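Trainee: Residue strings, one per chain:
2 protein chains.
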Amino acid sequence: MDKRRRITLNDIARACGVSRATVSLVLRGSPLVHPETRRLVEAEMQRQGYVYNRAAANLRQRVSSAVALVINDLSNPFFAEFAAGVDEALGAKGYVTLLGSSNESPARQRQVLGSLMEHHPAGIILSPAESSMASDVALAIGRHTPLLVFNRQLTGDAEPGFEYDFLGLDNRAGTRAATARLIALGHRRIAFYGGHAGSSSCRERRIGYQEALREAGIAPDERWLIETAPTRLEANAHADALLALEPAPTAAVCYNDAVALGLMLGLVRLGRRPGEDFAVTGFDDIPEAAVGIPPLTTVSAAPRQRGRQAAELLLQRAASPSIPGRSVIVPVHLTERDSAPAPAS
Amino acid sequence: MDKRRRITLNDIARACGVSRATVSLVLRGSPLVHPETRRLVEAEMQRQGYVYNRAAANLRQRVSSAVALVINDLSNPFFAEFAAGVDEALGAKGYVTLLGSSNESPARQRQVLGSLMEHHPAGIILSPAESSMASDVALAIGRHTPLLVFNRQLTGDAEPGFEYDFLGLDNRAGTRAATARLIALGHRRIAFYGGHAGSSSCRERRIGYQEALREAGIAPDERWLIETAPTRLEANAHADALLALEPAPTAAVCYNDAVALGLMLGLVRLGRRPGEDFAVTGFDDIPEAAVGIPPLTTVSAAPRQRGRQAAELLLQRAASPSIPGRSVIVPVHLTERDSAPAPAS
DNA sequence: CTGAAAGCGCTTACAG
DNA sequence: CTGAAAGCGCTTACAG
Chain U
1 MDKRRRITLN DIARACGVSR ATVSLVLRGS PLVHPETRRL VEAEMQRQGY
51 VYNRAAANLR QRVSSAVALV INDLSNPFFA EFAAGVDEAL GAKGYVTLLG
101 SSNESPARQR QVLGSLMEHH PAGIILSPAE SSMASDVALA IGRHTPLLVF
151 NRQLTGDAEP GFEYDFLGLD NRAGTRAATA RLIALGHRRI AFYGGHAGSS
201 SCRERRIGYQ EALREAGIAP DERWLIETAP TRLEANAHAD ALLALEPAPT
251 AAVCYNDAVA LGLMLGLVRL GRRPGEDFAV TGFDDIPEAA VGIPPLTTVS
301 AAPRQRGRQA AELLLQRAAS PSIPGRSVIV PVHLTERDSA PAPAS
Chain F
1 MDKRRRITLN DIARACGVSR ATVSLVLRGS PLVHPETRRL VEAEMQRQGY
51 VYNRAAANLR QRVSSAVALV INDLSNPFFA EFAAGVDEAL GAKGYVTLLG
101 SSNESPARQR QVLGSLMEHH PAGIILSPAE SSMASDVALA IGRHTPLLVF
151 NRQLTGDAEP GFEYDFLGLD NRAGTRAATA RLIALGHRRI AFYGGHAGSS
201 SCRERRIGYQ EALREAGIAP DERWLIETAP TRLEANAHAD ALLALEPAPT
251 AAVCYNDAVA LGLMLGLVRL GRRPGEDFAV TGFDDIPEAA VGIPPLTTVS
301 AAPRQRGRQA AELLLQRAAS PSIPGRSVIV PVHLTERDSA PAPAS
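Here the protein sequences come in this chain order: U and F. Start counting the first sequence at 1; every next residue gets the next number (full-length UniProt numbering). Start counting the second sequence at 1; every next residue gets the next number (full-length UniProt numbering).
Hints are not guaranteed to be accurate.
Stretch-level coverage of chain F by chain U, calculated; a stretch enters the list once three of its residues show a Cβ under 8 Å from a Cβ in chain U [to be verified]:
| hint | region |
| --- | --- |
| 1 | 68 to 79 |
| 2 | 291 to 299 |
Part of the chain F face toward chain U, derived, beta carbon under 10 Å [claimed, not checked]:
| hint | residue |
| --- | --- |
| 3 | Ala56 |
| 4 | Asn103 |
| 5 | Gly266 |
Restraint-style ranges between C-beta atoms, simulated for each label pair [stated by the list, open to error]:
| hint | chain 1 | residue 1 | chain 2 | residue 2 | range |
| --- | --- | --- | --- | --- | --- |
| 6 | F | Gln61 | U | Gln61 | 13 to 23 Å |
| 7 | U | Ser30 | F | Ser131 | 34 to 44 Å |
| 8 | F | Arg203 | U | Leu185 | 47 to 57 Å |
| 9 | U | Arg143 | F | Arg203 | 48 to 58 Å |
| 10 | F | His196 | U | Ala241 | 37 to 47 Å |
| 11 | F | His333 | U | Gly161 | 54 to 64 Å |
It should be emphasised that the hints constitute simulated quantities derived from the structure, not laboratory data. Since this is a predicted model, take the numbers as computed values, not measurements. The beta carbon of each residue, even a glycine, is placed where N, CA and C say it ideally should be.
From just these sequences and the hints, can you work out the full model?
Mentor: Pasting the structure below:
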């Protein structure tokens with residue numbers, strides 16, 4: 001750190017010939033202090049380049065002005081947008097964001113949570129790594145820090161008394177709408193491509209897909225469920241598994257946009273033309289979905305707005321910790337673009 | 001906040017019948033304390049669920065364990081990856097990341113910096129909003145907090161005494177290599193597409209491009225310089241300006257990958273086939289460059305590694321503030337994929 | 001409207 | 001090896 005002593009309240013008080021308490025009142029805009037005194041003090045702070053030490057104030061007041069945000073995968077634009085939304089809303093409310101990224105590793109996530117807890121945040125927003133255990137999270141953050149979990153449910157049960165809010169997307173309705181639309185276009189053999197069946201969001205999205213099939217009188221075929229890690233790279237690599245089916249599907253409902261974009265590239269690599277002779281839908285509506293080639297038909301989840309919403313929910317809970325754990329499921333809607341045409345005659 | 005009193009060092013000390021000082025020594029693994037006492041204290045901390053209050057410790061020690069990271073555009077994967085790299089490296093060194101995002105607004109940036117300064121970070125990593133003034137930044141953070149600026153130079157001069165480190169890419173060499181490659185493939189009419197001429201990175205990239213043209217005996221045409229905001233959306237919208245030129249260029253060196261991906265979509269919209277009858281190159285090598293359609297020939301900058309590097313540089317300076325402002329320019333290299341073929345005969 | 005004193009949860013010399 | 005006291009930079013009653 002820098003050697004020079006920092007300017008403190010004391011310096012200002014001494015220079016102005018008033019007490020620390022008076023300067024403190026000026027700082028927080030109290031009406032108690034005489035306008036003339038206020039002007040004097042403010043000028044002196046300006047002159048000396050005083051900068052408030054919020055950590056010291058928070059210590060005394062026993063409050064926190066920080067919220068921890070732990071993200072599983074910042075390189076996925078869906079989560080990057082979410083993070084931007086969280087930070088925006090927290091900043092507007094005077095909170096600062098403590099960032100942590102787990103890179104989808106539950107071990108790293110535990111470590112990151114532990115380190116963030118030492119800063120006694122007012123709350124935690126967690127977009128969990130795949131297959132994070134509720135009991136691990138409970139252990140890391142204890143039962144007194146408000147927690148909001150985003151997007152994926154924690155697996156397993158924590159001890160009773162560990163409560164948290166949940167903000168998720170209506171996964172089932174989303175894939176159901178996408179699948180129904182494909183059926184309406186004339187598709188009959190529709191795969192569900194990508195994601196890990198273990199994750200709550202993947203499970204829910206598969207259910208919506210199967211519901212739409214059954215509703216149309218189509219028997220879901222087990223082999224139409226193809227697992228891949230939820231990344232572009234993995235989705236690209238497994239495209240051949242989809243085309244190897246006999247008879248091959250004519251359409252794929254994908255776990256998310258990253259998977260859909262990867263699959264489309266894989267299809268091109270294998271000589272197919274997604275958007276012309278094969279239909280693909282995504283989930284999330286990340287910014288590049290609209291400007292892909294072809295533009296992606298997908299389920300829109302507005303990640304930046306979700307981030308703002310997550311921040312609101314968390315701060316509400318921090319303000320009244322007595323409310324029991326809530327679960328907010330956000331409606332989503334299908335955005336049609338060009339990647340999902342009718343089946344090639 | 002929660003009503004219940006937090007467990008403190010005092011509680012542990014009292015429960016164990018030792019002094020606070022002893023518990024403090026246990027906490028920091030001092031060899032001075034008797035092994036038996038240590039075991040006792042540790043067991044008690046476990047039992048009561050004690051969590052260290054790093055803010056209080058930092059206050060007493062007059063140090064900071066936080067570094068502020070201010071990002072201009074988290075929805076650009078280049079910067080999201082950079083942020084992930086910074087957080088990773090800082091976490092490994094025991095620092096926590098204070099996140100702020102400016103959304104490319106200098107006003108918002110000033111506000112965010114001011115709020116982060118109140119947390120007295122050990123240093124600041126700033127990826128500046130477009131056309132941020134050095135004097136504004138100097139005003140917001142003062143002259144005693146180590147600063148590392150990433151990617152873009154600050155415009156204008158600050159008062160003397162305001163020093164900072166700079167980490168940037170070798171922009172000139174990057175676009176020069178891309179342009180030279182296009183020329184080698186047989187292109188003669190090559191545009192420079194996208195970016196704002198006011199930004200230092202755009203200026204440098206244009207220079208590299210013009211150098212390569214001149215070296216090949218091609219006179220750069222003013223009209224080949226087309227400005228757009230550095231986003232997918234804007235790049236897409238202005239594609240017609242490129243094709244309207246007479247005679248039309250056969251290739252475009254783009255300001256960055258976001259612009260290149262947007263331009264390619266715009267070209268498709270206008271009936272062209274990038275990668276077949278038009279050559280496009282990017283800059284950054286964001287993850288989706290490799291899996292675009294066609295895969296993008298681009299200049300690789302390895303943003304996540306740059307993030308780790310930025311964290312290292314900043315912590316070095318924080319450790320020895322006496323070193324004068326350094327400027328580290330990272331070499332980049334051309335990654336050839338399919339988006340830049342030879343000109344259509 | 002302003003000041004003197006105590007305290008937030010830690011660490012740091014200084015004794016012993 | 002352990003304890004008593006002072007202090008980091010603030011805020012909070014309590015007097016006046």
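Trainee: Can the hint on F/Gly266 be confirmed by a CB-to-CB distance to chain U that is less than 10 Å?
Mentor: With a minimum Cβ separation of about 9 Å from chain U (threshold 10 Å), the hint on F/Gly266 holds.
Trainee: Given the range 54 to 64 Å, decide if the beta-carbon distance of F/His333 to U/Gly161 lies inside it.
Mentor: Since F/His333 and U/Gly161 have Cβ atoms about 55 Å apart, the given range 54 to 64 Å holds.
Trainee: With 47 to 57 Å as the target window, see if F/Arg203 and U/Leu185 comply at their CB atoms.
Mentor: This hint holds: roughly 49 Å between Cβ atoms.
Trainee: Hint says 37 to 47 Å; check whether the CB-CB distance for F/His196 and U/Ala241 agrees.
Mentor: holds, 45 Å
Trainee: Hey, does the F/Asn103 contact hint survive, CB to chain U under 10 Å?
Mentor: Since the shortest Cβ distance to chain U is 8 Å, the answer is holds.
Trainee: Does F/Ala56 pass the interface hint, meaning its C-beta sits closer than 10 Å to a C-beta of chain U?
Mentor: holds, 6 Å
Trainee: Between U/Ser30 and F/Ser131, is the Cβ distance one that fits in 34 to 44 Å?
Mentor: Distance hint for U/Ser30, F/Ser131 holds at roughly 39 Å.
Trainee: Are F/Gln61 and U/Gln61 spaced within 13 to 23 Å by their CB atoms?
Mentor: holds, 21 Å
Trainee: May I ask you to test the hint 48 to 58 Å on the CB atoms belonging to U/Arg143 and F/Arg203?
Mentor: holds, 55 Å
Trainee: Checking C-beta pairs, does the region 291 to 299 of chain F have three or more residues closer than 8 Å to chain U?
Mentor: holds (count 4)
Trainee: Would you check chain U against the region 68 to 79 of chain F, counting CB to CB pairs closer than 8 Å, and say if three or more residues qualify?
Mentor: holds (count 4)
The structure is consistent with each of the numbered hints, conforming to all of them.
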